[in-house]
Each structure stands twice: as C-alpha cells, then as structure tokens.
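> Produce the entire structure from the sequences given, and follow the hints as far as they go.
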Amino acid sequence: MDRFAWTNGLLEMNETLVIQQRGVKLYDGDDKAKLDVGVVLLTTHRLIWRDHKNHECCIALSLSQIIYFEEQAAGIGKSAKIVIHLYPVPSNKEPGPYQQSKFPYIKLSFKEHGQIEFFRRLTEEMTQKRWENTIPQTVSTATGSQTGKTRAVGIVGIERKIEQKRKETDKNISEAFEDLSQLMVKAKEMVELSRSIANKIKDKQGDITEDETIRFKSYLLSMGIANPVTRETHGSGTHYHMQLAKQLGDMLLAPLEERGGMMALTEVYCLVNRARGMELLSPEDLVNACKMFESMKLPLRLRVFDSGVMVVQLQSHSEEEMIASALDNVTDKGSLTAEEFAKLLGLSVLLSKERLLLAEKMGHLCRDDSVEGLRFYPNLF
Amino acid sequence: MSFEWPWQYNFPPFFTLQPNVDTRQKQLAAWCSLALAYCRHHKLYTLDVMESQESPVFNNKKIERKLSTEAIQVVFEELRKKGNLDWLDKNKSRCLVMWRRPEEWGKLIYQWVSKVGMINSVFTLYELSNSDDTEGEEFHGLEEWMLLRSLQALQTDGKAEIISMDDGKGVKFF
Chain A
2 MDRFAWTNGL LEMNETLVIQ QRGVKLYDGD DKAKLDVGVV LLTTHRLIWR DHKNHECCIA
62 LSLSQIIYFE EQAAGIGKSA KIVIHLYPVP SNKEPGPYQQ SKFPYIKLSF KEHGQIEFFR
122 RLTEEMTQKR WENTIPQTVS TATGSQTGKT RAVGIVGIER KIEQKRKETD KNISEAFEDL
182 SQLMVKAKEM VELSRSIANK IKDKQGDITE DETIRFKSYL LSMGIANPVT RETHGSGTHY
242 HMQLAKQLGD MLLAPLEERG GMMALTEVYC LVNRARGMEL LSPEDLVNAC KMFESMKLPL
302 RLRVFDSGVM VVQLQSHSEE EMIASALDNV TDKGSLTAEE FAKLLGLSVL LSKERLLLAE
362 KMGHLCRDDS VEGLRFYPNL F
Chain B
1324 MSFEWPWQYN FPPFFTLQPN VDTRQKQLAA WCSLALAYCR HHKLYTLDVM ESQESPVFNN
1384 KKIERKLSTE AIQVVFEELR KKGNLDWLDK NKSRCLVMWR RPEEWGKLIY QWVSKVGMIN
1444 SVFTLYELSN SDDTEGEEFH GLEEWMLLRS LQALQTDGKA EIISMDDGKG VKFF
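Just so you know, the sequences run in chain order A and B.
In this text, residue positions in the first sequence follow the numbering used here: the first is 2, and each later residue adds one.
In this text, residue positions in the second sequence follow the numbering used here: the first is 1324, and each later residue adds one.
Just so you know, the hints here were simulated from the structure itself, not pulled from any lab data.
Note that beta-carbon positions come from the ideal geometry of N, C-alpha and C, so glycine has one too.
Check before you lean on any hint, since a few could be wrong.
Here are the simulated DMTMM-like pairs of lysine to aspartate or glutamate, each with C-alpha atoms no more than 25 angstroms apart in a straight line [what the hints assert, rightly or not]: (1) B/1438 with B/1412; (2) B/1430 with B/1393; (3) B/1349 with A/307; (4) B/1385 with A/370; (5) B/1385 with A/333; (6) A/112 with A/133; (7) B/1482 with B/1450; (8) B/1413 with B/1466; (9) B/1385 with A/373; (10) B/1349 with A/333; (11) B/1413 with B/1393; (12) A/362 with B/1393; (13) B/1384 with A/373; (14) B/1384 with A/320; (15) B/1389 with A/320; (16) B/1389 with A/370.
Have a look at the derived ranges for each label pair, beta carbon to beta carbon [stated by the list, open to error]: (17) A/292 with B/1374: 23 to 31 angstroms; (18) B/1374 with A/332: 51 to 59 angstroms; (19) A/340 with B/1374: 51 to 59 angstroms; (20) B/1363 with A/332: 32 to 40 angstroms.
To spell it out: a stretch of chain B is covered by chain A in this simulated footprint if at least three of its residues, at any positions, have a beta carbon under 8 angstroms from a beta carbon of chain A; those stretches are [to be verified]: (21) 1335-1341; (22) 1412-1420.
So this is what it looks like as structure tokens:
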C-alpha cells in the first residue's frame, strides 16, 4: 500500500481511461486497507482508486510499478480479488496514505463483480505497456536506479527469475486464450453456418438418422448466444441489467414476431436460458432487465396484466388492436372460450385469456360462467 | 296475456354476474326491471331467494342457465336500494317485493279517491282493495300490508289519516 501516492485524479497528457469498476475495496497485503469502498480506474498509465463518496480522496499507482498480478477466486462470503505484486518503493515517491507497509503486494477486492473484464483489460495494458511511450522522466530514472541497485541482490534476483518464468507461462496462456476469443468472434458465423447445415439436413432427411439430427440440433441451440452478458463481465447493478436488456432486445425480436408480438415471461425465460447454454440467468435478473426496456428505448415492453401475468411484447403491439381483434373474433363466432381463441390465433391459452379479459375490462366483452366453462360474448348490455 | 321476456333472458352472460363495473350496472338494471315486471305480472308480493332460483325468472331452462343465489341476492339488494324491496329476515333469505313503491301506490289511490269525489270520507282497508268500486283499478287486490304502507306514505304527506276501527283499520282522505 505504501506504493500509492495522492493524486488529484485527473488524467495526464496521452493518458486514457481503459475501464472503471465501482465497489472495489483495497487490501494492504492480506489486511483490509483503512479506506472505504471506492471506484478503481485503469488508465493506460496508472491504476487509480477513488473513494466513492469523497472524490478528494484519490490515490494512484503507476502501472510500471507492477511486477505481476493474479486472480483470486471468490469464496463463500468472500469477493473475488486481484492480487498485484509491486516493485519496492521508489526513493522519490510522492506522499501517499501509507508511509510504509510490510507487504510487497496489494489486493483489489471486487464487491460488485466485474473482476473478469478488469483482469482482462489489465492484462492487455500490461502487455502493451503503453505508458512507456510517454513515461515521465522522473519515474523511469527512479525505477532504473532502483533496479540497477538491486540487480545483484539474492532475493530480488530469485524474484526476477520467477517473474521471467511467469512471463513466459503468461505469454503461453494468453496465446491460448487468444485462440479462444477468436473462436468467440467466429461463433456467430458458426451459428449461421450450423443453421444452414441444419436446413440441408432437413432437405436430405433420409441420409441422416433422426437421432443424429436431434443431437445436432441440441448443439445448435446451446450456441444461441455467442457472448452472453454475465455478472462477472459487467458487474452487478443497473449497468449489467442494461447490457442484458440490450442483448434480450436483439434476440427476442424474431421469436416475438413469430408469436404474434407477445410472449409470457416464463416462455421468454426458457428461451433465453436455452440460448445462453451454460451462463444461466436468474428469473430476477430477467425481470430487472425487462424493466429496462422502456428507459433504454428498445422496441420491447414488459407488461403486467391485472392478474399478475407478465409478458414481453413488441412496442408496436398496440392494445387497441389487440382488443379489436379479440372483439372481432368473438363477434364472428358468437362466443368464444380462451381455449378456442388460443387455437384460432395460435397463441398460448394463458395469453389469449388475458386478451379476452382485457377486452372485457374495456367493456367490449362480457362473460358467461357456467358448468361448461368460461365463455366470452360480445357485450350487448 | 303471457309474460314477455326481455332479449337478455336468452343471452347466457345475463346469468353470470359481470365483473366489469359498467357492464354489471347495466346487467343489474335489466335484472331489476325483469324481476319487478315478473312479480307484477304474477302478482307476487313475497319472494324466497332459494325458491325463486327455481322459478322461471332466474332459471332459464331453454339455455340451461340460472342465476346463482349470491347473484339473486345482489339483484334483490339492488332493488332494496331503489326502494322496491324489503328484507323479511336478517339472513336475507325472504323479502317483500313492491313492484310499485308505497309512494307510487299512495298516489294512485289518492288519484282514484279524488276522481270519484270521496275526499273527506272514510274507507275501510277492505273496501279500498276488494270492493266492486275499485275493480279495474290497479290497486284492486293489493295485499293489506302493501296497502297499509301506501296509506302510511300518504299520511306522512298529510293527504290521509289511518284510523283504528272495531274490526280493523280505516282511512280518511283529505
């Protein structure tokens, strides 16, 4: 922690912000730092931490100070952390919150998630070393003289060796993951490709057995969303739900149009989670994301019927039209039950009943509740 | 003269209490007028909720629909609010139906009395409802309690006075 220096929080020339994450607590080694929860900002040059209430309270650390860093997974009652190992304190360091510390490392504890994305961006910055282009002269000489002095010393020498080894493995790992991220980029095309294959299979039904077709289709379904928005990548809270809402908006448009502009939320839940494969959504997150539709000006709306049934519908799906069509259908047939109406429209019984009830509420229909079931009639009263 | 059913009588939703407030109001209004018209046609004065569920008014055998007892009570309660009905017991199982309210009856009687020029003379209640003179008037054959109520309504208006006589009650019109 003694590597941190007070700062005004403003970015310097050529310095740009890479990512920021709120709800981060600092650890001095293994001990909690005497600072509150705050926002951590990663720039091309520095790691900045700012108190979430008192913006005057802002400290920074040059990225060149970092030897290496590693992830520490979350546990029960423990947030995920990133451990950052640091070089010794430069002699001309500006004053910071800690005068000295017995630990050569700090930890960032992510109370509101987002550590995966942060870790990724930090890795990027550490490999690109963008700060080297415009590094202030003072710092470079400081670290220079430091390393010059300590090169020969035993423990540091061992540390350097370890670090070199680590760098190598790091390179290997990042190369390996690069392939994976490229695969993710290609995933969309692959989904397209597999769809066209599926169509071809359908045409040549006889050549491939039914069993294989089913298995292939199940693979396809699990590849629905190439890059799902998760809590780990986007943190918790509104930002996460907004991103989720955006993704939902993209993927739900086509199925909604297929189903006459309206789907029950349970149906949406099944569809979304089937498409996400492993990264399952909780019902709560889904509802919260759906509530964002309106504020984000997406063409979808979450609608709650009086009975408590929730549906997702297209914005263009107007109520008047719905009521008018219900009335037309009922007038046409004289009277309809929800089941008959559902068959007529190809809709689920639950939703068709909601439509009839809505039309009744508006006074266009009236009901006949007898032993034969609930029927709806045009309101002749 | 047979009773003429309103069109709603053959409309199945008529026999289900409608949840929509506006619709329900119209429905109840139709029920009220049907119930009163039926009682008037058949000269019914007292009704029993359970029994009337089986009577043709609330039970349409042709379309196999009947109004539930709860709904019948709602209809009766609506009639009570309008002054056409009085409950006979606390459980609301029996009631008196007045297809004309006492004030309306009183008015009819008073009109007839002034028409025949008998103001300031005394009638027995039996005379009013059962004598040959009133034959053809609508209040002919009116049950005594109903007649009494009508006269009481007239009395509060100061148009009549009810007098006790040896063998019953009499009334004097002013």
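> Please go over all the hints and tell whether each is borne out by the structure.
Against the structure, the hints:
For the hint linking residue 1438 of chain B to residue 1412 of chain B, the alpha-carbon distance of about 39 angstroms lies beyond 25 angstroms, and the restraint is violated. Annotation: proposed proximity of residue 1430 of chain B to residue 1393 of chain B is violated, straight-line Cα distance about 34 angstroms (limit 25 angstroms). Between the alpha carbons of residue 1349 of chain B and residue 307 of chain A the distance comes to roughly 23 angstroms, so the proposed pair stays at or under 25 angstroms and holds. Taken as a hint, the residue 1385 of chain B and residue 370 of chain A pair is honoured in the structure, with Cα atoms around 17 angstroms apart against an allowance of 25 angstroms.
A hinted pair counts as satisfied when its Cα atoms are at most 25 angstroms apart, and residue 1385 of chain B with residue 333 of chain A qualifies at roughly 23 angstroms. Distance check on the hinted pair: residue 112 of chain A and residue 133 of chain A sit about 32 angstroms apart at the alpha-carbon level, beyond 25 angstroms; violated. Restraint check for residue 1482 of chain B and residue 1450 of chain B: the C-alpha separation of about 18 angstroms stays at or below 25 angstroms, so the hint holds. Between residue 1413 of chain B and residue 1466 of chain B the alpha-carbon distance is near 23 angstroms, which keeps this suggested pair within the 25 angstroms criterion.
Distance hint between residue 1385 of chain B and residue 373 of chain A is fulfilled; the C-alpha atoms sit about 15 angstroms from each other, no more than 25 angstroms. Taking the CA atoms of residue 1349 of chain B and residue 333 of chain A, the gap is about 24 angstroms. The hint holds against a cut of 25 angstroms. A threshold of 25 angstroms between alpha carbons decides the hint, and for residue 1413 of chain B with residue 1393 of chain B the separation of about 15 angstroms falls inside it, so the pair holds. Taking the CA atoms of residue 362 of chain A and residue 1393 of chain B, the gap is near 22 angstroms; set against the 25 angstroms cutoff, the hint holds.
At roughly 15 angstroms between alpha-carbon atoms, residue 1384 of chain B and residue 373 of chain A fall within 25 angstroms of each other, so this suggested pair holds. Under the criterion of a C-alpha separation no larger than 25 angstroms, the hint pairing residue 1384 of chain B with residue 320 of chain A is inconsistent with the structure, at around 38 angstroms. Restraint check for residue 1389 of chain B and residue 320 of chain A: the C-alpha separation of about 34 angstroms exceeds 25 angstroms, so the hint is violated. Our distance criterion of 25 angstroms between C-alpha atoms is met by residue 1389 of chain B and residue 370 of chain A, whose separation comes to about 11 angstroms.
Residue 292 of chain A and residue 1374 of chain B have their C-beta atoms about 55 angstroms apart, which leaves the hinted 23 to 31 angstroms range violated. Against the hinted window of 51 to 59 angstroms, the Cβ-Cβ separation of residue 1374 of chain B and residue 332 of chain A comes to about 38 angstroms, which falls outside the hint. Between residue 340 of chain A and residue 1374 of chain B the beta carbons are some 36 angstroms apart, a value that contradicts the proposed interval 51 to 59 angstroms. The supplied range of 32 to 40 angstroms is met by residue 1363 of chain B and residue 332 of chain A, whose beta-carbon atoms lie about 35 angstroms from each other.
Given a C-beta distance limit of less than 8 angstroms, the hint that chain A covers the segment 1335-1341 of chain B holds, as 5 residues qualify and 3 suffice. For the segment 1412-1420 of chain B, the stated coverage by chain A is violated: 0 residues have a C-beta nearer than 8 angstroms to a C-beta of that chain, whereas at least 3 were required.
In the structure shown, a violation is registered for the earlier hints numbered 1, 2, 6, 14, 15, 17, 18, 19 and 22, in ascending order.
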